[in-house]
Structure formats: structure tokens, C-alpha cells
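Under the working numbering, the residue at position 21 of the sequence shown is numbered 23, and the numbers go up by one with no gaps.
What the hints contain is simulated information worked out from the structure, not anything from laboratory work.
Note that beta-carbon positions come from the ideal geometry of N, C-alpha and C, so glycine has one too.
There's no promise every hint is true.
What the hints assert, rightly or not - Label-pair distances were calculated between CB atoms; the ranges are:
no., residue 1, residue 2, range
1, N321, E239, 28 to 36 Å
2, K327, T179, 51 to 59 Å
3, L143, N321, 20 to 28 Å
Stated by the list, open to error - No farther apart than 20 Å at their CA atoms in a straight line, the calculated lysine to aspartate or glutamate pairs in the DMTMM-like style are these:
no., residue 1, residue 2
4, K164, E77
5, K310, D173
6, K202, D154
7, K320, E295
8, K159, D267
9, K202, E317
10, K310, E71
11, K320, E77
12, K202, E190
13, K202, D192
14, K310, D193
15, K159, D193
16, K327, E247
17, K310, E84
18, K327, E295
19, K310, D324
20, K159, E313
21, K164, D192
22, K320, D167
23, K310, E190
24, K159, D196
25, K159, D222
26, K202, E71
27, K164, D103
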Amino acid sequence: MIKDVLFQVRQEKVLNVNYRQSLLYGSITIILLTFGFSNFNQNLFVTADTPNIVASISIVADFATQIGEGIFTVESIVSGSENPHIYEPTPSEIEAVASADLFIMLGLDDLEPWVEAVLLANPDVPVLVLVNPSMMRYDPLIDADNPHVWMDPMIVKQMVEKIYDEVILVDSINAATYQTNKNNYLTELDDLSDLINTTKIEFQGLNVVVHHPSLMYLLDLLNVTRIGVIEEHEGEEPSPEHIAEIIADIEEHNVSIIINQPQLDEGEIIEIARDTGIQIADLTPLLGVPDIEGFVQAQGRIIDNYIKMIEYNLEALKNPHDPPKIGDVVTFWTMVSLGSAGIVGTLIVVAIVRLKKRKEIP
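Full structure from sequences and hints, please.
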């Protein structure tokens, strides 16, 4: 039975990857054509004296943007929907760092392996590293320290303090505003921690299997027990033996949910859920993914800040879903394509209406 499951996973994965790539390229083209020009001038309101800060990933950019509210925003190299472990920055992204007053990174080799190339190309740019070893805890599922420390709001508070200390060195003139913004954001993070504490009662006794170890810190705060992880090592396909162990653990430990994340291929997740009769919860450790169910904001709107992301994850864990039926797999990239198709339809209607109006003009 395991061999049949694995064979079907491999077949579906090949089809899904090719299909997903085609949808992605088409969707990006449409979105750029539709919205590119409207967003082109969004940074023209930034003055020449505004600090130019660049971050490695969107989560880090959000932390810095909260401090700079009203003064500056922060661009990131990895937007969120990509997998940062295997991302390759473009030449233009590397070049953009050259003009930065500050480059902020987590400082995790496994998560940001591409940062070395960015820094080698820009040796004079000041760099702020947010994560230190004392923040990380040992993860028995991967037999190593777990680097995804930002999934704990209390650790994020330490990062925010670090960013503030560095930003006021770059721009001391606006230090008072930065301090007010920082204090407001720290209060919001405290409120978020309170929400986690009041929500964890709903997950008492919950056992889960996770796609990736990125959610350990949040799940620990919720007292959710992780029985196993599909992807033990970054970028490595799980072996048939490991999949068999996961299925056995699900049955032995009464696991009811398998946690997926949209940055990764979900083929194994779907097949394991089908085979064992458990449900799937779609959680994310990164920004840039759509709130498809409308858990914490308008349906389909992109999750673009850390607090919304954690709130979304709490709701997603409360509302797992059955795996899609065979031949009816709807992935994150499919949703992007459907959204883009809606954009195309709108553009076509607008074009037809305008053409009719022109014909009516004498």
C-alpha cells in the first residue's frame, strides 16, 4: 500500500509542478501588467533623507516597517510566497542592497543561504543580525536547534528592540517617533501573546504531524504535540521508509491533523491525509500568502504583516479541512491563477464597454 501511495505522489507531483509553474508565470505577467504602473510611483513620497533599509525576508521587513511607520517602509528580497531556503536573488536585488543604509537579516545560514552572495557583493553596507544562539531551542524531531524563532512573539520583541537600537543610529533625528512606534508595537505583541494563551485551551490534547519544522515555537506555545515531521532535512525528499513511519505514528498516537504550509509542495501531505483519514490545516511561517478562507481579513487578501499571520494560523488550526479528492487538487498557485483569471475577465469587459462607447460617438 505504501508503494502505491508513493508512486501516486510522485506522479501527481510532476504534474502539479509543471502546471504550477505555468500558472505562476502567467499570473505574474497579468498581475504586473494590471497593477505595475499603478504602484510604480509609490516610493516617490519618500524624501532623500529617509533611511533606506532592506531586509532579507518579508517578516523582518515588517518588524522594521512597524518601527519606521510614518517615516519609512522596508523592502525585502524574499517576499514570502517563495521558499527562502532555496531562493536565488536576482542581480537587481543584489544591486539594490548597495544603496541601503542598513541591511537586516535573521542570520540563519540554513534559512538564508543566499545572503552570503548579497553581502559579498556589498561589503560596505551595515548589517544587523537579529537571531543569536540563545534564542533557539533544541528540536527533537530534527535533532538540531530549530531556527524559526520568530514564531514566538516574545522572541520577536527582542528582535524589535535590536532593530530600534540600530535605526536610531541611522536616523537620530526621528528617534522620538521610532521609540513611540516601537513601544506601540511591543504592546501589540504582548496582546498577541495573550491571545495565544487564551486560545491554547482549544487545542488541549491535540497531536499533529507537520510538513516542516517551522512551526515548533508557535505549536509549543499552544501546547500542541508534534508527533512527526515530513521534511526532516531541507530540500530532501522524504524516503519511503520515513513516510511509512509517519503513517504508523499517525495511527499509534491518534493524530487528527497534518499541518501543511503553502511554500512547499503538498503532494505527500494530501496523500498521507487521504490514506489515514485525517484532516489538513494550512498554516504559514511567512507573509505573502492569501487568506483564502477569510479567517482574519477579507477573503483572498494577502497576509502582509506578522500579527495577522499569527492570528491567521490560530484560526487555520481551529478549522482544518478534508484533503481534496483525487483529481481535484487546488493549490496556492491555482488560487493565484484563478484570481488572475478574474482580473483578465474584468479587463476584457472594460475593453468591450470602452469599444462600444467609441462606436456610439458620432
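(message) Are any of the numbered hints broken by this structure? If so, which, sorted upward?
(response) 5, 8, 11, 16, 19, 22, 26
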